[in-house]
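Asks: Now for the letters of each chain:
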Amino acid sequence: MTLSAQNALIVQSDCSVLLETHAPRAAAARAAIAPFAELVKSPEHVHTYRLTPLSIWNARAAGLAGEQMVAALREHARYPLPEHVGQEVLDLAERFGRVVIDREADFLRCTCADEALAELLRRDRSAGSYLAERVGATRFRVDPKHRGVLKQALVAAGYPAEDLAGYESGEALAMVLRDRSASGAPFEVRAYQRQAAESFFASGSPRGGSGVIVLPCGAGKTIVGMVAMEMVGQTTLVLTTSLTSVKQWQRELCDKTSLRPDEIAQYTGESKNTGPVTLTTYQILTWRGHREGGFPHLELFRARSWGLIIYDEVHLLPAPVFRATADLQARRRLGLTATLVREDNREADVFALIGPKRFDVPWKDLERQSWIAVATCVEERIPMSAKRRMAYALADRRARFRIAAENPAKLTRLRQLLRQHADGRVLVIGEYIAQVEGIARDIGAPLVTGKTPQAEREIIYERFRRCELRCLVLSKVGNFAVDLPDADVLIQVSGMYGSRQEEAQRLGRILRPKADGRAAHFFTLVSLDTREEEFAHHRKLFLTEQGYSYRIVMASATE
Amino acid sequence: MMRYHADDRIPTLKAALTEHMNGEDLKRLGAHTKQKLPGRKAEIAAVILDYLAGERLQKVWQRLDTLQQAAVAEVVHSASPRFPADRFRAKYGGDPDWGTSDKYGYRRNPSLLGFFFYGKRVMPDDLKARLEAFVPPPAAVTIQTVAQLPATCELHCFRRSAKAKHTQEVSEAVPLEIHHTETAAQRELLAVLRLIDAGKVVVSDKTRRPSAAAIATITGVLEGGDFYPVLAVAKGREDENAGPIRAFAWPLLVQAGGLAQLSGTRLQLTRAGRKALAQPAAETLRNLWDKWRHTTLIDELARIECVKGQTGKKGKHGLTAVSSRRDAISVALAESPGGVWIATDEFFRFLRASGIDFSVSEDPWHLYIGDPHYGSLGYAHCGSILEERYLYAFLLEYAATLGIIDVALVPPAGARHNYHDLWGADDLVYFNRYDGLMFLRVTPLGAYCLGAEDAYRPAPLETRPVLHVLPNLEVAAIGAALEPGDRIALDTYATRLSDLVWRLEPDRLLAAMDAGRPIHEIREFLEARSGAAIPATVTRLLDDIAERSTKIRERGLARLVECADAALAALIANDSRIGKHCLQAGERHLVVPAASEAAFKRNLREAGYLLAAGETRPVPSGPKAGSRKKAAED
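Protein chains in written order, with the numbering used here: chain A, 1 to 559; chain B, 1 to 634.
All the given hints hold, so there is nothing to weed out.
Keeping only pairs whose Cα atoms sit at most 25 Å apart, straight-line, the calculated DMTMM-like set for lysine to aspartate or glutamate is:
no., chain 1, residue 1, chain 2, residue 2
1, B, K580, B, E606
2, A, K41, B, D499
3, B, K551, A, E534
4, A, K41, B, E505
5, B, K59, B, D125
6, B, K59, B, D97
7, A, K41, B, D507
8, B, K36, B, E55
9, A, K387, B, D544
10, B, K551, A, D396
11, B, K14, B, D97
12, B, K206, B, D290
13, B, K41, B, D25
14, A, K41, B, E527
15, B, K551, A, D529
Beta-carbon label-pair distances, calculated as ranges:
no., chain 1, residue 1, chain 2, residue 2, range
16, A, P24, B, A481, 17 to 25 Å
17, A, E168, B, A533, 53 to 61 Å
18, B, D507, A, Q420, 31 to 39 Å
If you are wondering where the hints come from, they were derived from the structure by calculation, not from laboratory data. Bear in mind the structure is a predicted one, so any value in this text is a computation, not a measurement. Don't be surprised by glycine CBs; every beta carbon is placed ideally from N, CA and C.
This is chain A alone, in the form it adopts within the complex:
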């Protein structure tokens, strides 16, 4: 086995790729494989990438050839590339583009690379049903309304289509980004944000116009969305996860673009208006009167001739919206997310219906460039009293988690942490309402839960932004789209610790760079010797794999 010690990559037979970050050629290797390998984890010393069909097709969609991918692997591999891995990359890469969807008058045309493939797809139970009249040995007509479902079926069949059918134009929207925000602060789009938007837009060609931008929380995905809106210059529908997020988009659009407030409409539970730019939530779109009923608000997709649809937090896209999106393939679609990981493993649907990944940048890279705050993660293990330990021991398995989560000793430690971070802007997040209510009462901080009226939430958030409040207690409503840029300490007292999304989102609350450059602190309080530790184990793996420093301390050592 030949050894090129300077090289940073080790390609394993299971198609995973290890990158030794200290190797002399590590940076070059990272740049070479990033377009076609999916970064799975990036702990210190060794990063793990995986070559998957989606990662390779994403790269093909970006114009990279299979031979270039294999050449990059060979150039940077420390040991000879396993032959079957190289072959698999070539095979997968070769599959992309063997089916092309383009436009022919009022119909779409699906062209296969050869007759054998055309026959194969025609006989495919799923894809075959969307291929209409055969207009040649290798060509089929396709009903435009089947464009999305056909693409889904082709991905499932292993032959992702290159969609060159282009987009319908929406109504024009005159919108530019300001040099100086409405609040008077200078505003400049960061280079990576503009690069992300450009890679999505692709100069307006049919090869661009749909896809996903992956940026960590706090990196300014909203800004990327606004740049994309400026580039497209057409009416835009923005789908977000919550009303708070709608408010945040509205605030940002008014602050940083030339849009007037009356040009921005909200389609929410409160008001159902549409405008050149319409902001809505997944919840309202997927609302229905009864279980078997339809989704009346999905009509919003057809309410106007949208030139662009933005899916915020695309990893949370609910199934009905996927279905609706399948019918909207003639619109430009932009997905924004911090992670492509979906707990329901529907990454392939995101690829087929929203589009391929167009841009991503590792969290740690932005941290190094100070675009997001440096964060330290600390897990504190709090012992339970003997009485509570006995109650825990005698409880059934489901009840145990709650007993551990609501350990009263956490409150003592919480008070200590609040004293230690007396100058910090602190968010306390918990899973159980009774627990967060108790904490809010004890420390005298306002509480925001799902029951808190939206108006009241906005007032509380605004007071926090204006530094009138130093500490805020949140139930799990705080997981998503709470725009509190100055928060720098987050203490989670309980949670669904097994969820990787929740960890990323909660951490994201404090990752906005601070004006004074101070670091962010992410504390998790878990009860010692309980199931919380097991859940914390998953969180630990996730955060360390993202490259964050993670410490575990025993409560006694901290006192």
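Model the placement of chain B on the given structure of chain A, informed by the hints.
Replies: What follows is chain B alone, placed relative to chain A:
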């Protein structure tokens, strides 16, 4: 006339010349004096005596070549007057120049060395005394060590080609497999004792050897399996599997060491064996080594199955005491430098050259291969093959199993060829299963067991940065190639995720600890192989595991006793005499520790109860005893 001396001693030079030499030989020896020799034997002897008289002896000695001087020195500075031919050959690699003779040993033309040795190459006592004054002591025996083990060994063997229908010699470079036994032995000892405690080791009540099932069970707990894994035999090929070695040895070792004894056909732990479960394994291994040296449970020669006649009356009587053989090897191991590799052939040479030699049989004519007559091992050309193979058997099966020596092995088939010219050896794929033992190295545990060191100081783990221990609990082997031992250790501690990545997981670590790997050893391994401090998350995980592993302790076996009702159980549990020998478990059950069983039974009898086998008869839940009595009275 020649006289036979019981001790081969020759008191004087004059006696040697006159009584141990004939006239013809005297003349040929006297020719070296360059003097005109008289005709009579006594006169020639007088000339030679005169030639060697006084300081002239030293001048004659100076005329000897280096090897001849060494031959003189070996005898002058030893207790015996006789020239040690075999030892000399082993030490110097050849014989000194004795002169010439015809093929039958006659017409001798002695060299100058003939002035110093007579008869059966014996040095006269007076001559020896005179030589002591100026002959320097011989060089000490040295043992050649190997600085760097070769990666492979070239093996030659004969394979029958089914296609060509003939046998042809093939050679291939076979990787040398290194087995680090020191820590493995300590873990394996505990694992085997636990198996015995669980009643899973069946042995023959006659030979005390483990059954095939017991060997399979024990192989399952050996680190990386036995020395040689069992390989499927390809069609048309001979079975070249070596068979069990460590799995065979362990049951015998613990029996010989008094840690286990036969109970029916199963082994059970003795009191010493139970104690060994809780004490440092190094101490137990030392005791096992000491006791093995004197055991008569088995003669290692019996494991060399191709040597027949061992159980026959004559063959058996001819065998030397097995303890003397083991002692000789043990002394040679103790004198060998520790921590360095030694070729097995070199160790055998050292054993012979240093005079701590042994022989397997006083009468090897009754041991044979294939046929008792043609295949006898008493023929001169058989040389020391018995001793050599006995040495390998003892070293690999017992010394290596006990962690005394590390070993480097190749498969036995084709490893050695010095038996091919023996009658009846044509059909053997190897002489015995130990033929593949190519190198050995005395471990620190070995030095302690052999008495070369006063205390056991485990060898520090070699720092070799071949791993990256990552904060997400993964271990990536992206440095130089991993050694098999490192791979086995990683497979034991962690779950393999891909070719080069493992993940440390709590259940895997607990299983490793349960198999006898203490957490500090795991930590040391990770530090030594990563060449850096391990990340805090990994440290925390190991600390957690270490802490949890001490929270629940095994306190030995106990018997579960069921009482007829809750009241009786409470009565016994609270009895001042019986209660201290049992614990109440639930309403009707008592737990009696095995150590307290006899006292519990005795006190129970004294209290008027008996511990019966089978199910208890519960008290009927109808009318109470008092009301039944009243009803009877009515």
